[in-house]
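*Asks:* Chains as they are written, first to last, in the numbering used here: chain R, 1 to 288; chain D, 1 to 423; chain H, 1 to 319.
You may find that some hints are simply not true.
Okay, derived cross-link-like pairs now, DSSO-like style, lysine-lysine, Cα gap no bigger than 30 Å in a straight line [stated by the list, open to error]:
| id | chain 1 | residue 1 | chain 2 | residue 2 |
| --- | --- | --- | --- | --- |
| 1 | R | Lys154 | R | Lys180 |
| 2 | R | Lys51 | D | Lys15 |
| 3 | R | Lys96 | H | Lys31 |
| 4 | H | Lys31 | D | Lys104 |
| 5 | H | Lys31 | D | Lys15 |
| 6 | H | Lys31 | H | Lys124 |
| 7 | H | Lys122 | D | Lys15 |
Taking beta-carbon pairs under 8 Å as the criterion, some of the chain D residues facing chain H (in silico) [unchecked claim]:
| id | residue |
| --- | --- |
| 8 | Ile12 |
| 9 | Arg14 |
| 10 | Leu24 |
| 11 | Ser34 |
| 12 | Met39 |
| 13 | Thr57 |
| 14 | Ile96 |
| 15 | Ala109 |
| 16 | Ile115 |
Here are some chain H residues pointing at chain D (derived, C-beta under 10 Å) [unchecked claim]:
| id | residue |
| --- | --- |
| 17 | Ala40 |
| 18 | Ala114 |
| 19 | Ala121 |
| 20 | Pro123 |
Honestly, the hints are just simulated from the structure, not real lab data. From the three backbone atoms N, C-alpha and C, an ideal C-beta is built for every residue, glycine too.
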Amino acid sequence: MKITTPMIDAFKAEASGRLGSGRVPESGQEVSPGGDSLKARVESLNFFYGKFQAIKNVSLPIAENKITALIGPSGCGKSTLLRCFNRMHDLIPDHKYGGRITLLPDGDNLIGPDVDPIAVRMRISMVFQKPNPFPKSIFENVAFGPRLRGISRKDELMAEVERCLRAAAIWDECKDRLTKNAYNLSGGQQQRLCIARSLASRPEMILFDEPTSALDPIATSRIEELMLELKSSVTIAVVTHNMQQAARVSDFTAFMYLGELAEFGPTQKIFMNPANKLTADYISGRFG
Amino acid sequence: MDLTPIQKRLLIRRKRADRVFVVLGAALAAFCLSVLVIMIAALIRDGASRFGWSFLTQFPSSDPPLAGAKSAFVGTILVMVVTAATAIPLGIMAGIFLEEYARKNWFTAIIEINIANLAGVPSIIWGLMALGLLVYHFGTGRSILTAGLTLGLLVLPIVIVATREAIRAIPQAIREASYACGATRLQTVRYHIVPYAMPGVLTGCIIAMSRAIGETAPLVTIGALTYVAYLPPAPLTDRPWLLGTLSELTFSEEDRTKPFGSASSPIGGLPTPAGQIEFDVRPDATGPSARTVVSVAASETLTPAALAQAIDDVPGVLTRFDDDGHLRIESELEEWFLISKDSTGLIDAMGMQRGGGKHGPLDWVTSGFTVVPIQMYDWVSRAEGLGFKPNAAAAGILLVTMTLAMNASAIYLRNRLRRSIRW
Amino acid sequence: MSNAGRSANSPGTNRSGHTPLKRGRLRWGEKVFETLLMLAAASSVLITVGIVAVLIVESMAFFEDASLREFLTGATWAPGFDPPAFGIRSLVSGTLVTTTVALFVAIPVGTIVAVWLSEYAKPKVRETVKPALELLSAIPTVVFGYFALLFVTPALQWLFARFGFSLPGFNMLSAGLVMGVMIVPYIASLSEDAMRSVPTALREGALAMGATKFQTAMKVVFPAALSGITAAYILGISRALGETMIVAIAAGQEAKFTFDPTEQAQTITAFIVQISGGDLPHESTGYRSIFAAGLTLMIMTLAFNVGGFLLRRRYKETY
Chain R
1 MKITTPMIDA
11 FKAEASGRLG
21 SGRVPESGQE
31 VSPGGDSLKA
41 RVESLNFFYG
51 KFQAIKNVSL
61 PIAENKITAL
71 IGPSGCGKST
81 LLRCFNRMHD
91 LIPDHKYGGR
101 ITLLPDGDNL
111 IGPDVDPIAV
121 RMRISMVFQK
131 PNPFPKSIFE
141 NVAFGPRLRG
151 ISRKDELMAE
161 VERCLRAAAI
171 WDECKDRLTK
181 NAYNLSGGQQ
191 QRLCIARSLA
201 SRPEMILFDE
211 PTSALDPIAT
221 SRIEELMLEL
231 KSSVTIAVVT
241 HNMQQAARVS
251 DFTAFMYLGE
261 LAEFGPTQKI
271 FMNPANKLTA
281 DYISGRFG
Chain D
1 MDLTPIQKRL
11 LIRRKRADRV
21 FVVLGAALAA
31 FCLSVLVIMI
41 AALIRDGASR
51 FGWSFLTQFP
61 SSDPPLAGAK
71 SAFVGTILVM
81 VVTAATAIPL
91 GIMAGIFLEE
101 YARKNWFTAI
111 IEINIANLAG
121 VPSIIWGLMA
131 LGLLVYHFGT
141 GRSILTAGLT
151 LGLLVLPIVI
161 VATREAIRAI
171 PQAIREASYA
181 CGATRLQTVR
191 YHIVPYAMPG
201 VLTGCIIAMS
211 RAIGETAPLV
221 TIGALTYVAY
231 LPPAPLTDRP
241 WLLGTLSELT
251 FSEEDRTKPF
261 GSASSPIGGL
271 PTPAGQIEFD
281 VRPDATGPSA
291 RTVVSVAASE
301 TLTPAALAQA
311 IDDVPGVLTR
321 FDDDGHLRIE
331 SELEEWFLIS
341 KDSTGLIDAM
351 GMQRGGGKHG
361 PLDWVTSGFT
371 VVPIQMYDWV
381 SRAEGLGFKP
391 NAAAAGILLV
401 TMTLAMNASA
411 IYLRNRLRRS
421 IRW
Chain H
1 MSNAGRSANS
11 PGTNRSGHTP
21 LKRGRLRWGE
31 KVFETLLMLA
41 AASSVLITVG
51 IVAVLIVESM
61 AFFEDASLRE
71 FLTGATWAPG
81 FDPPAFGIRS
91 LVSGTLVTTT
101 VALFVAIPVG
111 TIVAVWLSEY
121 AKPKVRETVK
131 PALELLSAIP
141 TVVFGYFALL
151 FVTPALQWLF
161 ARFGFSLPGF
171 NMLSAGLVMG
181 VMIVPYIASL
191 SEDAMRSVPT
201 ALREGALAMG
211 ATKFQTAMKV
221 VFPAALSGIT
231 AAYILGISRA
241 LGETMIVAIA
251 AGQEAKFTFD
261 PTEQAQTITA
271 FIVQISGGDL
281 PHESTGYRSI
291 FAAGLTLMIM
301 TLAFNVGGFL
311 LRRRYKETY
């Protein structure tokens, strides 16, 4: 079944109808009708790799302290969308952003030309698909972020490192070998180390790009538990190929197809009662 | 399934070609390697008699058993220092730029083509460039500085390529991790790219240096001297006394044969230390020396005529008699000075300027020099009949030892590298 | 680094307690460093310009005094004569003959060794032999020159005497042969790399049809790798043309227009070395002739490189 633009517009209208006209916020924060405050708003986002348009006019809300999952078949643009949040595309020569990603509560446009990508990355961290710790000691891996921010005293760094390793539920396994090379850890441990590293800059938001696709089931479930723990202090957006994972872990789900947002809503609704046949087909495994 | 007799015969013939080829290939490889072994063996056989501690601590001399490679060895090391100082920073920076910063435009394409080009320039052409540009145009003279710069630029492509390969081996995922932590490009380069690439870069640098050690042609072209019987001035050693420009040296007929003085009868009451008076002819007090002109031992006396005769051999210096019959010592080039290392009395006698003091930390850079390959070349051309064959061979042993040592350490480093970071 | 919160990465905080996103300082340090790096890379262009400039400027000065016609067509090269003769033909012949002798050795030996290494030799053998060959090419050329003059020439003289011929003490044959052996590692190494990068699938196709290794190597692998092998040959030629010390030591210092390798001759490179180590004053025509000679050498090298590039393009197989 082919998605037509009128269909998308209709869905979007329905979605924004549910989101846009919420109650008047008390503290000046944006809220969604479900009472969740928003951390970010993607507004008519477009993205081009050279001449190819990878993201077509996508708008969606990111709720604060919740997990938003991005799902969809290969090539639908979910990773591309994720990487717009922390300006990772800036590393590629031929890229172009269009539209806005508004970060709340300050209201800055993350992809605005006057915004410093380095500053963005200090506030929005990323965990990658294949664990990529630095070939340094566990301590140095986590301490890298704080060092960039200017912390150089041994005791302060140690405190930060411990905080992050504890938050990533890997402190007990690491505390006796902080000076050992991170490459000696197992895959799952390395990924938790990368999560610890991403926590070091005290980010407001963490982006997970298929964080468990390279891991075994036990490591996967540990990471998922971790994400659920972390969401109370950070906002999380996760791209995943694994729909069961999305169903287990996320509060909101966005289904993308060929660069466009096909459907968005609370995870329960998307998986139990999707409004779009395409979504239903994908979820039941008929394609992708 | 059986083959027909014809097929069987063809098969045997084809298989024989296979076996012949294996033998041929292995034999030719063995031949080349045996040439290597024979060369080294020949050097050892011919040079073992001369090689030794005395060889390394003696200056060249016209007497083969006394001729050593001290100045050449020191010269090689000093030239290598300047070469490394030129090629390594420049090469690493260029490599980092091309891999981490450069965008794909016409400018970078030109740079890349250039580097590939430079790698193929014959080494003698480098010498010509250095001669025209450095020695004459920029006036750096026939000094260690010129030599180091020339060789540094010659091996620059090697360092650049090694740096680029080492940086390319670093997976993109590491860079992404660094940027995602909020690092700038400079911080990523400084804290990640350079440290991880270092072993590979180091290996490349060692290979570059070992190549530079053996380069002879460019250095001969820039005019490195073959007979250097002194060492470049070490920092904080005494500066020699400057006797003045040669053009000022004119002697009348009766003065010509009057001795300046000898080591045993000092002039003006000042004793000459060490019992020797040595004269150098140089562009200036610290510049490269053309030659040690004459060395007066305690029992000799020195007259202007003898001095003039000895100086006459120096390139660029002429001695002639002017219209009045005076002996004139002249230089047709820039001002050349006659310098004595010790005799202050001589200065008074000739009424000329002084020098003295201590050498600065970088005076050696502008000094004349020789290097081991050039010394070997000089001795090889005087090998037959003049008895310098053992010296040439001994120099060869020294050279090969230095080269092989560096190559071996590069190979060792490369193997250790393979065991360390496994991306 | 400065204390917390004050580094270039986090310029203070704003009302929500986080670092502001608008660009703060422009990070001059970054720009300065990038410019420095770019200058380092661009210096390579300056170097090339320097080489070309020196050769051309000095050659032009040379041709003010010497005639271009005589340079190109004259058969005598004698800068020391009065009047000096500047016919480059004899130097060119010396260069070409020594190069040809060298290639007669280097190309067959290098290619066969390359094929053997890539197609036949066991991995352990290859891993020992290849570095050992590279060691051969790392030996300084003066040592090769020593070997040519004081070992190969006497040996050849003894051999020639057995057949009733004589060989002069300086000759192009010894120099060329030794130069050839020196170049073998270059050709072998690059050709072997080219052959190894031919996909195994191509070999397997031939072997599956019943071809022997030799036939596969000659009829499939070699043609497929021809582009890289040609590059190796061109490198070998360039190396031979530009070689200085071996010929300066063993081939002689007398410029002679001859194609007989058993004779003494002077190459372009040996001539340059002879003059620059000598007594001719800087501004003289005789001295400047070395730049004209160098320019000739560069043009010859360039011609081979360009020819090789075009040849490679013709033979480039895509698979």
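*Asks:* Does the closest beta carbon of chain H sit nearer than 8 Å to the beta carbon of alanine 109 (chain D)?
*Replies:* At 11 Å from the nearest chain H Cβ, alanine 109 (chain D) fails the 8 Å test, so the hint is violated.
*Asks:* Hint alanine 40 (chain H) vs chain D: min CB-CB distance below 10 Å?
*Replies:* Since the shortest Cβ distance to chain D is 4 Å, the answer is holds.
*Asks:* Is the hinted pair lysine 31 (chain H) and lysine 124 (chain H) satisfied, with a Cα-Cα distance of at most 30 Å?
*Replies:* violated (49 Å)
*Asks:* Under the criterion of a CB-CB separation shorter than 8 Å, is threonine 57 (chain D) in contact with chain H as hinted?
*Replies:* Status violated, d = 22 Å.
*Asks:* Against chain D, is proline 123 (chain H) within 10 Å by beta-carbon distance?
*Replies:* violated (15 Å)
*Asks:* Take the C-alpha atoms of lysine 122 (chain H) and lysine 15 (chain D), compute the straight-line distance between them, and say whether it is at most 30 Å.
*Replies:* Distance ~18 Å between lysine 122 (chain H) and lysine 15 (chain D) Cα, so the pair holds.
*Asks:* A closest beta-carbon separation below 8 Å is what the hint needs, so does leucine 24 (chain D) meet it against chain H?
*Replies:* Result: holds, 6 Å to nearest chain H Cβ.
*Asks:* Holds or violated: lysine 51 (chain R) with lysine 15 (chain D), Cα cutoff 30 Å?
*Replies:* violated (57 Å)
*Asks:* If you draw a straight line from the CA of lysine 96 (chain R) to the CA of lysine 31 (chain H), is it 30 Å or shorter?
*Replies:* holds (23 Å)
*Asks:* Let's test the interface hint: is any C-beta of chain D closer than 10 Å to that of alanine 121 (chain H)?
*Replies:* Holds. Min distance 7 Å.
*Asks:* For lysine 31 (chain H) and lysine 15 (chain D), compute the direct alpha-carbon distance and say whether it is at most 30 Å.
*Replies:* This hinted pair is violated, its Cα atoms lying about 65 Å apart.
*Asks:* Hint check: is the beta carbon of alanine 114 (chain H) less than 10 Å from a beta carbon of chain D?
*Replies:* For alanine 114 (chain H), the interface hint holds, since the closest Cβ of chain D sits about 9 Å away, which is under 10 Å.
The structure shown violates the earlier hints numbered 2, 5, 6, 8, 11, 13, 15 and 20.
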